[in-house]
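Asks: Here's the letter readout for the chains.
Protein chains: 2
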Amino acid sequence: MSDLGVTVKKSQDLSEWYTQVILKSELADYAPIKGCMVYRELAYGVWEKIQEIFNSKIKRTGHKNMYFPLLIPESFLKKEAEHFAGFVPEVAWVTLGGDSPLEEKLAIRPTSETIIYAMFSKWIRSWRDLPIKLNQWCSVVRWETKATKLFLRTREFLWQEGHTAHATKEEADREVMDILKEYRDLMENYLAIPVLAGKKTESEKFAGALYTTTLEAIMPDGKALQMGTSHNLGQNFSKVFDIKFIGKDEAEHYVWQTSWGISTRLIGAMVMTHGDDKGLVLPPKIAPIQAVIVPIPYKAAQVEKIMAKAEEIYSRLQNFGISTVLDDREEYTPGWKFNHWELKGIPLRIEIGPRDLQNGQVTLARRDTMEKMVVKDEDLEKTVAKLLEEIQQNLFNRAKKFLEEMITCVKTYDEFKKVLKEKGGFIKASWCLSSECEAKIKEETGATIRLIPFEKEALISNCCVYCGREAKEIVYFAKSY
Amino acid sequence: MSDLGVTVKKSQDLSEWYTQVILKSELADYAPIKGCMVYRELAYGVWEKIQEIFNSKIKRTGHKNMYFPLLIPESFLKKEAEHFAGFVPEVAWVTLGGDSPLEEKLAIRPTSETIIYAMFSKWIRSWRDLPIKLNQWCSVVRWETKATKLFLRTREFLWQEGHTAHATKEEADREVMDILKEYRDLMENYLAIPVLAGKKTESEKFAGALYTTTLEAIMPDGKALQMGTSHNLGQNFSKVFDIKFIGKDEAEHYVWQTSWGISTRLIGAMVMTHGDDKGLVLPPKIAPIQAVIVPIPYKAAQVEKIMAKAEEIYSRLQNFGISTVLDDREEYTPGWKFNHWELKGIPLRIEIGPRDLQNGQVTLARRDTMEKMVVKDEDLEKTVAKLLEEIQQNLFNRAKKFLEEMITCVKTYDEFKKVLKEKGGFIKASWCLSSECEAKIKEETGATIRLIPFEKEALISNCCVYCGREAKEIVYFAKSY
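Chains V and D, in that order, give the protein sequences.
All letters in the first sequence, in the order written, are residues 26 to 506 by this note's numbering.
All letters in the second sequence, in the order written, are residues 26 to 506 by this note's numbering.
Do not rely on the hints blindly, as some may be mistaken.
Same chains, same names: a pair is fine if it fits in one copy or spans any two.
Claimed, not checked - Straight-line alpha carbon distances no greater than 27 Å define the calculated BS3-like cross-link-like pairs of lysine-lysine that follow:
#	residue 1	residue 2
1	Lys103	Lys362
2	Lys407	Lys130
3	Lys130	Lys401
4	Lys74	Lys436
5	Lys248	Lys497
6	Lys147	Lys59
7	Lys174	Lys89
8	Lys269	Lys443
9	Lys130	Lys103
10	Lys269	Lys481
11	Lys147	Lys303
12	Lys310	Lys89
13	Lys443	Lys147
14	Lys104	Lys59
These are calculated hints, taken from the structure and not from any lab test.
This one's a predicted model, so the numbers in the text were calculated from it and none came from an experiment.
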């Protein structure tokens, strides 16, 4: 059995551990095409959970799901100059249809602003048509040249992209923040990953945006991971795509737009944040399977009774709304099954053996703490539900504590470099707003400004951590994925 | 208002009517890329319903959703010769990643057998790993050269593709038929479209399959529409992709495989089958919105009371599980709203005016028959639920009657040609099994064999309808989309 498990400790070699956990738990696999991956049933199950949760949030606030073409003519991408410059180096181009060369090459969407906004200009005429708030679940392709990392850096990945058009900047501002709030709720209260929120600097914002807001998490190796972004696009796209409306004032105006996205990299963040030396640990609210029942037949005479009890418990938990699997396969031993489901990170295991049967009880094992406990049969549903909540909260608390420990305030550039090298994590420092200082720090240390916090914080020092000139903002630096 | 409605009758010009209904109801739109379309919220909402229904069916029977790469190396497609020959003329090829020409060109998936089965050969080792039953929701690209027809012939469309691997042919046979049964249930009991079921001939089967089963519907112009297919792939792919398992007998065997798919062309079939001169007609079980409430405020004094009642009814219906919209927009008149929601095919309209308020009643209008009726407030939920069932049944019955009328038995080739020209529909005739006769009929009349029924039917004539030699089977011919 041991050779099937993860052979390296998370604290020893995070990168190797990460890959082993994903492959051995059968969460996902490398595809036989460079840079691409396969989302196996467990990863796709988590993604379906994310879709369900986020769909319910955005539909409640009037957003509609639609689907736009995969292929975008080069001329569309070119319309917004910054956008084109930002995306064109990593576009996969279709140049042949059957045997015939295409007149204009077509990009596989790296993101869909341009194709969607070409439709907006057709659909929007009057203030009555506003706001438009839509969302698309799809995959996008970005022709990465750096080494592949499952979920975090692949040439194709799954995501959602929201696109809205509004009559005023204020409404677009509000939309940007409303979505960021929903993202944060999804990340913290479902994926159990605490995040920091703020604005990106000019050099880090989305190509073509007025400004970008972001949510950033910290990984166990002290590197930050961008979890989701929400952009106010201003009128940059509406001007080039000619998206105008007749206002109540009977004059013509360009719309104000937003776009926002989260991707399957959230699953990668979840693996790194919660996994341990035994494999995955899935937060109960996002786990496609929340509990697994393993019957432990001992003497032949009792097999039938134990199996009957296991089936009864399965039905009771399912009826109670707990997503449960009964592993009644005869070709595997209970010990093999324990390892199997631990590796897959199922939050709770329920064992039923001869002694349990005799005493009218079952044995529960938590995946997060590996604690075992005995529960009376009649208390089963309530105890399981309570434990799942506790596991969810425990995972979040653990990650929150780590995030807090990984924020360090520094006053000088020497301190900055020392902390970055020895500890990593987020480094809070004063900054003068110059993009030259930002670029120099990136060049010299590899760290970037991950965000400018929304709420003004008191300056740590009155001087910019790099140039020593007058500081204007507190910002969070980090190396990142 | 009239210029916003459909300006041509369904019976006059089906093709023009079809396009107008789709565009004016805002079901879907042409994309600004040749051959591609946009699935707007109403079409995507129907697709989400189809996903929900079909997911629940296949998950119950142990199928798992996964996601495989969009791009397939040419060498993979080439492995199964028939498959390659069948798909390569309509493949869109990626040849450039950023600025760099690719070493091997990549196909945008026209279907995913080859990329999925490359993974199967890695995942399957022993009988314990079988069966594998998986499904993928995605879009596929086929570089059509014929004229675009929304939902029915586009270069990109949405679909699901199921892929399974089994230890025996019998198990694969069973899977093929189980899925066909689920498809039929979806089509007949949700989309309210009756279908004929049977096997495809050798020349019409899926490229690379052992045999193909199909479900075929009839459209108002007498042309057949292939609604879904389920294939037994035999060992054709397992042999070229080397998908072997060690059986319980400890010997090595190739797996038996199936694949099956339905696509958004089902939405096109729904439009054609149920729509009328006023626009779309959505079957209640597949309608993203089942009922729309239109308040009819008359005197200013009553506006508040009517609106309060409308909101009360909205909550009551939603709580009763009926997907409802309250159209309380002030910028449109009730008459405009009636037309708007009729065009969109919402099954039931609920009006509340001053007289309704006074009499403790509301007025209901059925979309299928345009009948209006008054219902007591206290009976509302039950009556609405009952009416939705009746509408669902009525749409199916109407379509079923039409399908039956559109099946004609013929004995001679002259009759065959006459019926095809004057009436269309399915033509039942005797056939000698020769693919030459089949090809000649296609060449001379444009009709193909849509299916060989599963249950042997008594021969209409002992002679093949084309060559006069001994007939072996009754088959259904038709022209088709």
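Asks: Under a CA distance limit of 27 Å, which applies to lysine 74 and lysine 436: within one copy, between copies, both, or neither?
Replies: neither (43 Å within a copy, 57 Å between copies)
Asks: 27 Å Cα cut-off: does lysine 174 pair with lysine 89 within a copy, between copies, both or neither?
Replies: Only across copies: lysine 174 and lysine 89 sit 24 Å apart there, 32 Å inside one copy, limit 27 Å.
Asks: How do lysine 443 and lysine 147 come out at 27 Å by Cα distance, when the copy is not named: within, between, both, or neither?
Replies: neither (55 Å within a copy, 46 Å between copies)
Asks: Indicate which option fits the pair lysine 130, lysine 103 if close means a Cα-Cα distance not exceeding 27 Å: within, between, both or neither.
Replies: Both, since 12 Å and 25 Å are each at most 27 Å.
Asks: At 27 Å max between alpha carbons, let me know whether lysine 103 reaches lysine 362 within a copy, between copies, both or neither.
Replies: Classified as neither; 54 Å inside a copy, 40 Å across copies.
Asks: My question is about lysine 130 and lysine 401: at a cut-off of 27 Å on alpha-carbon distance, are they close within one copy, between copies, both, or neither?
Replies: Neither: 66 Å inside a copy, 62 Å across copies.
Asks: Within, between, both or neither: how does the pair lysine 104, lysine 59 come out at a Cα-Cα threshold of 27 Å?
Replies: Between copies only: 19 Å across chains, 31 Å inside a chain, cut-off 27 Å.
Asks: Taking 27 Å as the upper bound on the Cα-Cα distance, should lysine 147 and lysine 303 be classified as within, between, both, or neither?
Replies: between (54 Å within a copy, 24 Å between copies)
Asks: Quick one: lysine 248 to lysine 497, C-alpha cut-off 27 Å, is that within a copy, between copies, both, or neither?
Replies: Close inside one copy (25 Å), not across copies (71 Å); limit 27 Å.
Asks: Classify it for me, lysine 310 with lysine 89: is the Cα-Cα distance of at most 27 Å met within a copy, between copies, both or neither?
Replies: Answer is both; intra-copy 24 Å and inter-copy 19 Å each pass.
Asks: Could you place lysine 407 and lysine 130 in one of the four classes (within, between, both, neither) given a Cα distance threshold of 27 Å?
Replies: Answer is neither: 59 Å inside a copy and 56 Å across each miss the 27 Å cutoff.
Asks: Is it within, between, both or neither when you check lysine 147 against lysine 59 at 27 Å Cα-Cα?
Replies: between (39 Å within a copy, 16 Å between copies)
Checked against the numbered hints given earlier, the structure breaks hints 1, 2, 3, 4, 8, 10, 13 and satisfies all the rest.
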